[in-house]
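Q: Listed below, chain by chain, are the residues.
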Amino acid sequence: MIGSAPPAHFALEPESDPGALVPRGGRTWRYLRRSPTFWFGVVLIAGVTLAAVLAPLIAPHDPSVQFDDGLTTIGAPVNHSSKFLLGTDFEGRDILSRLLFGARLSLTITFAGNGLAVIFGVVLGAVAGWWQGVLGSIIMRFTDVMLAFPSLLLALALVGIRGPSLSVIVLVIAMVSWTSLCRITFGQVSGLRERAWIEAARAAGFSDARILVRHIMPHLLAPILVYATLGMALTVVFEGSLAYLGLGVPSPAASWGRMIRDGSDPNSLQFYWLIVYPSLALFVTVLGFNFVGDALRDALDPQTAPSRPR
Amino acid sequence: MALYLVRRALWGILVLVGVSIITFLIAFEVPVDPARNIGGIHATRAALANIRHTYGLDQPVPVQYVRYLDRLAHGDLGRAFSVSEDVLPAIANRLPYTGVLALCGILFELAIGIPLGLLAAARPGRLIDRSSLLITLVIFSLPPFVLGNIVLLLFAFHWSVFPLGGADSATSIVLPAITLACGGAVWYTRLLRATLLDVLRADYIRTARAKGLSKARVVAFHALPNAVGPVVTQIGLDMGYFLGGVVVVESVFAWPGVGKLAFDAISHDDINLIMGTVLVGAVFVVVTNIAVDVVQAWLDPRIRLG
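Protein chains in written order, with the numbering used here: chain G, 1 to 310; chain P, 1 to 306.
To be clear, the hints were calculated from the coordinates, so they are not data collected in a lab. Certain hints may be false.
[Stated by the list, open to error] Coverage of chain G stretches by chain P, computed from C-beta distances (three or more under 8 Å per stretch; other residues unrestricted): (1) 152-158; (2) 242-248; (3) 272-283.
Note that the structure is predicted; figures quoted are calculated from it, not measured. From the three backbone atoms N, C-alpha and C, an ideal C-beta is built for every residue, glycine too.
In isolation and in its complexed conformation, chain G is listed as follows:
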């Protein structure tokens, strides 16, 4: 119960210093350290991140070069060989190299889009929860409206209108995914502002901004952390879905979702490697974030389990 936990700077546990970002940090870490799912998730995320960062160094080929020997004599993709470890696609490009560079694109969009969504959600939710009144009502009714939209459809419409580019996709993902966190933050902040120590801080004459940042934020970090991690998994899927539906970052950029789309034509199913490897890459990434997020939630036990993504 985050709401009823003592504030971080009044914590009784000796190891949690006043500036500790997460309340009961020691206990959380003791739980996480022994959680196999947490470590498994960390290894997966670290692997994908390393692949993304080191892509230019470790990729065997240029991801957008179309090799003459990358296609059979009838123009079909080549299965795995010593030159193309995971085979080639319909344009004779090396799948392994495209997967590695695809990790860059996927993680960039995910970090940026989800990061923006977290910032939007937390700021709007905190403002609405702290000041309530007319401003709070407007923000929360707007959240209701945004939650009513099927998010993928809305995102498709927005990206379709603006044209798919990296910045449009990041912004649209942020625009349709901030709502749940906004509701959670709103609930937490409006509960916390009634508590005695907050009243004490107000009586001491601290400014609203100071109370929000120094006294309220530490209590929000646990749910935000959990939500942001699970949100990463959702955003990877979201970006993949956009690309799969043809509204990802345009070619020649390598995108996992688009690679699956290219291989999923009924006539190209015999070239199974076109689908299997990018699917595996997406699965591993999503699994990593879900494992870490799930372990974090169990460790921090925030009362607000994230709602179902729509």
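Given the coordinates of chain G, work out where chain P should sit on it, guided by the hints.
A: Okay, now just chain P, sitting in the frame of chain G:
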């Protein structure tokens, strides 16, 4: 109860007005001149001005919004040029397909999710509980377009058990429904496990056990009825979600529902049709939300009085 109903209905109307404002603004953002669209590339400047005047495009934005609302209220969502139909009938024609898919999806969800949740809650912390949590997490990590294409590859292409897509035979629905259900089943498992564990700690459960009833009987007849509330809520929310957002699954399996319609609309840049599906999806979400609230209030008097 009547007051509660009125309050929820007013909330729904307010949200729908907000939804319409946003769809109106999005349609406004389209970098295409609607007058040019109607008049064609050979229209003269005067003809364009004339068209603008006829369709009210020269009016102030708020006036245009009111006219837009008026059209919506009459069910006029414009023309979908990519299918040569009006938007609303085009969506209505595909709705039964999406409805059937959503229904089967929910049935599969419950068939997978409920037994797993029961098993997990019956032995908390034991191997079956841990493995069910792990399995649900793994399944949930398979995005629908990944899972859909993999089952398509295996069961339709490699082993030819099911058709490759479309809705031509009765077995066509199996793969899309399973794909749709897998991600959602996880939520039922976890939801049921959490609420059941809560309920199983109650005093009346101990009483039932103490008078000699078997554990299975207590779980099935004493605990389960008190734990299905959140599951009912989730079913309702799922209906709205499925009807609005099955784009991916329907595209993977070429299932001729609303989602596939939206997907085709996007590939043809048919903005009227896209916005139409967005709007209809939002209406479904709002309506199912209210329906869920009403059912909950009917089941639990504390909600409608609170």
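Q: Next step is simple, just say for each hint if it's right about the structure.
A: Cross-check of the supplied hints:
| no. | hint | verdict |
| --- | --- | --- |
| 1 | 152-158 | holds (count 6) |
| 2 | 242-248 | holds (count 4) |
| 3 | 272-283 | holds (count 6) |
Violated hints for the displayed structure: none, as all numbered hints are satisfied.
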